[in-house]
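Read top to bottom, the protein sequences are chains U and B. The working numbering puts the first residue of the first sequence at 1, with every later residue one more than the last. The working numbering puts the first residue of the second sequence at 1001, with every later residue one more than the last.
Quick caveat, the hints were computed from the structure, so don't treat them as lab data. Just so we're clear, the structure is a prediction, and the values are computed from it rather than from any experiment. Where hints are given, some of them may not hold.
Here are the simulated PhoX-like pairs of lysine-lysine, each with C-alpha atoms no more than 25 angstroms apart in a straight line [claimed, not checked]:
#1 228(U) / 22(U)
#2 1118(B) / 33(U)
#3 17(U) / 1135(B)
#4 1157(B) / 1303(B)
#5 1118(B) / 135(U)
Away from chain U, derived, C-beta distances all over 12 angstroms, residues of chain B [claimed, not checked]:
#6 1017
#7 1073
#8 1082
#9 1097
#10 1158
#11 1194
#12 1227
#13 1228
Using N, Cα and C, we set each Cβ at its ideal position, and we do this for glycine too.
Number of protein chains: 2
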Amino acid sequence: MKLSNVAVIGVGTIPVKSSSGKSLSELFVQAAKEAIEDAGVSKIDAMYVGNMMSGFLQNQEHLGSLMASALGREGMPTYKVEAACASGGVAMNAGVKAVLSGLDRIVLVGGVEKMSDKTTPKVTAGLMMAEDRLKVATTGVTFVGLNAMIAREYMHKYNVRHEDIAQFPVLCHGNALDNPKAQFHKKITVDDVLQSPLVADPLRLYDCSGLGDGAAVLVLAPKEEAKKFTDTPVAVAASSVATDALSLYQRKEVTVFEGSRRAANEAFGRAHLAPSDIDVLEVHDAFSVLGVMALEDLGFTGKGSGSKLLLDGQCDRDGKLPINTFGGLKARGHPVGASGMYQLAELTLQLSNRAEKCQVPNATAGLSQSVGGIGSTVAVHILRRS
Amino acid sequence: MKLSNVAVIGVGTIPVKSSSGKSLSELFVQAAKEAIEDAGVSKIDAMYVGNMMSGFLQNQEHLGSLMASALGREGMPTYKVEAACASGGVAMNAGVKAVLSGLDRIVLVGGVEKMSDKTTPKVTAGLMMAEDRLKVATTGVTFVGLNAMIAREYMHKYNVRHEDIAQFPVLCHGNALDNPKAQFHKKITVDDVLQSPLVADPLRLYDCSGLGDGAAVLVLAPKEEAKKFTDTPVAVAASSVATDALSLYQRKEVTVFEGSRRAANEAFGRAHLAPSDIDVLEVHDAFSVLGVMALEDLGFTGKGSGSKLLLDGQCDRDGKLPINTFGGLKARGHPVGASGMYQLAELTLQLSNRAEKCQVPNATAGLSQSVGGIGSTVAVHILRRS
């Protein structure tokens, strides 16, 4: 079966909240029920649950069986997949392969993360599980600290100013104003970013995505069956995962994520598309510098010039290359194991003309980039209106 | 592609040890290098790492990228899959689907667990992540406690004596004597089991698998290419995963694992085989009662009569239905996220006539059962000499 013969036929997302008051399974079930209803399916053949930190934060693993039970669908084949903050992205990859394998027809893929029931230091420690525990985490450096090193080097090497990078969170916060499910509804300016509290020099509060609870779920089906369930199926044109050396210290160059380049190259090749064919883009802006670097590493512009793309409104929803149209990780929110799935849900809504106030005009192809660790795992998906 | 067109072309297992002194990545890399060398492959297209507790015990997630880096193979698509103690079994399922999808050709699947660097109470708490944290684990019941409840009910309902069930660990300890990679090399008797210290009434020490470190890895390939790499490829005739209600309290009947029945029914159907066609069997004997129940739930005998199969040497290596021929979870060892992969590695060695002192005569078809939680997830695989 050709890759493009997998289609997204249903979408469910719940509002990202700083503190939801809901359990892991309540978060997931709410999104899953919405997706199942949206698709109009009854039987689900398999389910893949993306999540990073449930073992560490909630002392809960076995999310496949947990969620199947909570959905009242015990019996179905299901398991958890994990690749740090790219867990949602790789859950999609697992689901796409399941449909392509011919063993499963209707497949549910989702991501869930609950980050609000523990202290910030505990969550900060949890996020460092994405890096090498023995060689890096034990030094005491935090995940935002590692990204701060990247930001410092990036700004130095390419002569980019903080105010250039700061355009990214400003764009995201603007877009999130129209997304009722976004975590943050607050317009910010470049000055707000530059004057916000320092988290890890040079990164300030508004350079960083926040901690939140959320879940997003898609329903996949073979494309030839998709029209039975929906008038607006969206085809999966590429599903590519790549890695890089796990740790920042192992890299010769820290301002390029080779994992992004590898995954994007493979994805464009498989989809027979080029960056210029992409009408709407969701990138992993866990930190402002990562959003800017993504535009370069995915092939949309040259190294050091990512922030230039944001000038003159090119990346606004009515611009040439709309980015993070629902608010991105920064403002829609970054419940880590769910973020990759939120991106795919939002692309699907865009490509099926169901994005409401966030809708961009005439989008036929969209790309999402989900990053785990310090660019150590990258999942790139290309979706097309079918 | 037909399911039977996936083949195992390489196997790597390391000795299970009560305390290995090795890190998670050292454990995995040793097994992976052995498997890669055994297969004689150079490029690996994708890797799936099964593991349950690394986040909780080692504060380490992101095992896909970690292991790819540690193998010197950064770049490859890889992620972790988890379904509690069935993590090794579901990693195989993910790998089989990847090959069948046509997106990946040579796929490495593995399982790894390190349980020796924390206290027994910490590991005991970790194992309860397989059950519902909020509704069950918070009561203070342990995982062995839940299995003790099953044992009590099973013995009562079917009028089975402890000495009947105790035959299972006796068989496993006997088989492990010939396996140099087994955790325990100690012949035991039924009396030894009955007189060993009580862990959770009625389960005693020798009814329970131990805590250990281990890793096992397979290399998969499309069957039509397998002969390029090995003279003795073993075909995957079925790879089935099923679930049941997550928690014991949600079940009407606790002495039957519906997940085993569902997965076995699907697997036999897909393989066009019946229990009577199986020449060698690996079941998930984390506790003696589970080994006995597995024989029933998988269709090899009626309810309550599992232990009768073990009488008269029927399940010995030269018997009609050899079981757990390398020692099973009880005596080869049960590093939880790796156990399902050890089973598959051992079946592969049997079916390719490479099991050395553990070899059974004339085996052409083998079945493995890997269980997560209280029978909440079950992965059943059928392998055939090709």
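Quick rundown of the hints versus the structure:
no.: 1; hint: 228(U) / 22(U); in the structure: violated (34 angstroms)
no.: 2; hint: 1118(B) / 33(U); in the structure: violated (39 angstroms)
no.: 3; hint: 17(U) / 1135(B); in the structure: holds (24 angstroms)
no.: 4; hint: 1157(B) / 1303(B); in the structure: holds (10 angstroms)
no.: 5; hint: 1118(B) / 135(U); in the structure: holds (19 angstroms)
no.: 6; hint: 1017; in the structure: holds (19 angstroms)
no.: 7; hint: 1073; in the structure: violated (9 angstroms)
no.: 8; hint: 1082; in the structure: violated (4 angstroms)
no.: 9; hint: 1097; in the structure: violated (4 angstroms)
no.: 10; hint: 1158; in the structure: holds (24 angstroms)
no.: 11; hint: 1194; in the structure: holds (32 angstroms)
no.: 12; hint: 1227; in the structure: holds (22 angstroms)
no.: 13; hint: 1228; in the structure: holds (22 angstroms)
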